[in-house]
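Given only the sequences and the hints, what does the whole structure look like? Please build it.
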Amino acid sequence: MEKSLRFRFNKLSAVQPNTSISEARQRLGELQKHVQLSKDIESAISVAAKDLRKVAAPAGQPFIFTNNIEINEQLVRSALSRCDDVKYRPFRAGKAKALLVYLGGLTDTNKLEKTVIECLTGRLGRNQSFGDVAEITNLLITAANVTVVTKPTEVITNILKGNPLLLIDGISDAVSIDAAKYEKRQISKAENEDVSKGPHDAFNETLSDNIALVRRRTKDPDLKVEIFEIGSRTQTSVALLYVDDIVKPELVDAVRNQLLSIYIDRVILAANIEEFLSNRVWNPFPQVLSTERPDKTVAGLYEGRISIIVDNSPAVMILPVSLQDFLQTVDDYTQRPAVASIMRFTRYLSALIAIFLPALYVSIVSYHPGMLPPGLAFAIAELRARTPFPALLEVLLMEGLLEIFQEAIIRLPQKLAAAAGVVGALVIGTTVVEAALVNALLVVVIALTGLASFSMPSYTFGMALRFFRVPVLIAASMLGLYGVVISFILLIVFLCSLRSYGESYLGDLFDITLIADWKDGLVRLPAKFLTSRPKRLGPQDRTRQGVED
1 MEKSLRFRFN KLSAVQPNTS ISEARQRLGE LQKHVQLSKD IESAISVAAK
51 DLRKVAAPAG QPFIFTNNIE INEQLVRSAL SRCDDVKYRP FRAGKAKALL
101 VYLGGLTDTN KLEKTVIECL TGRLGRNQSF GDVAEITNLL ITAANVTVVT
151 KPTEVITNIL KGNPLLLIDG ISDAVSIDAA KYEKRQISKA ENEDVSKGPH
201 DAFNETLSDN IALVRRRTKD PDLKVEIFEI GSRTQTSVAL LYVDDIVKPE
251 LVDAVRNQLL SIYIDRVILA ANIEEFLSNR VWNPFPQVLS TERPDKTVAG
301 LYEGRISIIV DNSPAVMILP VSLQDFLQTV DDYTQRPAVA SIMRFTRYLS
351 ALIAIFLPAL YVSIVSYHPG MLPPGLAFAI AELRARTPFP ALLEVLLMEG
401 LLEIFQEAII RLPQKLAAAA GVVGALVIGT TVVEAALVNA LLVVVIALTG
451 LASFSMPSYT FGMALRFFRV PVLIAASMLG LYGVVISFIL LIVFLCSLRS
501 YGESYLGDLF DITLIADWKD GLVRLPAKFL TSRPKRLGPQ DRTRQGVED
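Using my numbering, you'd call the opening residue of the sequence shown number 1 and step up by one each time.
Worth flagging that the hints you see were computed from the coordinates, not collected in a lab.
Any given hint could be a false lead.
Taking lysine-lysine pairs in the DSSO-like style, the calculated list, with each CA pair at most 27 Å apart, reads [to be verified]:
no., residue 1, residue 2
1, Lys151, Lys189
2, Lys161, Lys87
3, Lys111, Lys97
4, Lys114, Lys181
Below, the structure is given as structure tokens:
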């Protein structure tokens, strides 16, 4: 039996036909050819790598570090040629040559001296050497954060971020040390969102400080921070913040994918990112809420929203948002509920005045003077008899003067803005009336319109109201009150069509299914009634306090 088995295993032709054997031989030959080809490719790659190591790469081109520090220095100098702010600090670490490459002005040289140079020169004797890069990072250097980098792009990027690069003769790996130091503005008072009660600290232009301001207000481990690099040239850090067990997962995925899909060479301002987060680029209404207040940011996170912090920008973006978010302030939650509700109602009324008051003036004066009391109608007719222009041109003239006045006040330095305010008041309030260009009643109407737009908590939202003022004015001049009503309906339809990451821009204003959210909308009920988070945001955990109703 054993002999038969040995015979069968030794003679493949006895159990397989000739065609199968020839096919197997053919495939074996092809396999040998592939093996030989892979060896040739490996040999070619090795030769190319050796050639790359011998010659310094041109600036901006990839390179490969060697274990020769002189060649490595030449590679870095070539990649950072004509960058005079890059400093090179040679020294000896034991019996090996070492080199520190850092960016002047962005590196803490005192920290670099204590945690790197003193450690390597003080702990190693003149003739002492070390084994590998792990011994350097784990035992010798005392810096808090030390990483080994091998990719050329990471090497150059770390240097330009202010993190010094350590090169040692005999080791082909580079060591990046966290010793960046930025000149930054100190945390100061919020200039555009000041409050009568509550905290006064505001974000600055440093990403780490802004994240720390948020972390300081909550010790929740479910608060997640994801940091991305956006901008092929600037490589600006952008942080995505959310509360993991509250926010809707689909929202996080949508915003993360949107950020990762941004292909741009530079990110200078948060507005560069904001435009990519809006689904309608020609929409004048903002679809992202910008704030400089950490407390407002944390409040949004615990409602189920997402915050985006861009390095070098003090404005933090919050989304998704609705129209009512632009009409609320932090003061609404520091005042008594009745007072806060009146303040909110006043802002809604001011928003309508900012858009429709000039149009109402034109429509009533031009088409419907009979709606006015006789005494007022005769007084307006007498005033208008002194002006040479029709009502529409009068309003457009005053609107133009008001816009110029507003831009001058905003752009001028603070000391000159007060003087410009006096000049503007004299020109708009007195001179144009005395010159009989417009009537005094129109000056009052335009002044009230300007004050209404200034009362908006969000400057960008106030700008959107100013944008719609002119189309409504033209419709009123053509159709009278019918034009005003039609414009109002079209505006509501347009707002209903807007979405902010799946959420309606009008929020719960006209949705009866979201009646639970009305507690903190047009009015604000006392805190004991605000037991649940906004339903329209779809939070995973709706309970905010007590038992969910």
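Structure-based check of each hint:
no. : hint            : verdict
1   : Lys151 x Lys189 : violated, 42 Å
2   : Lys161 x Lys87  : holds, 14 Å
3   : Lys111 x Lys97  : holds, 21 Å
4   : Lys114 x Lys181 : holds, 15 Å
In terms of the numbered hints stated before, the structure departs from hint 1 and from no other.
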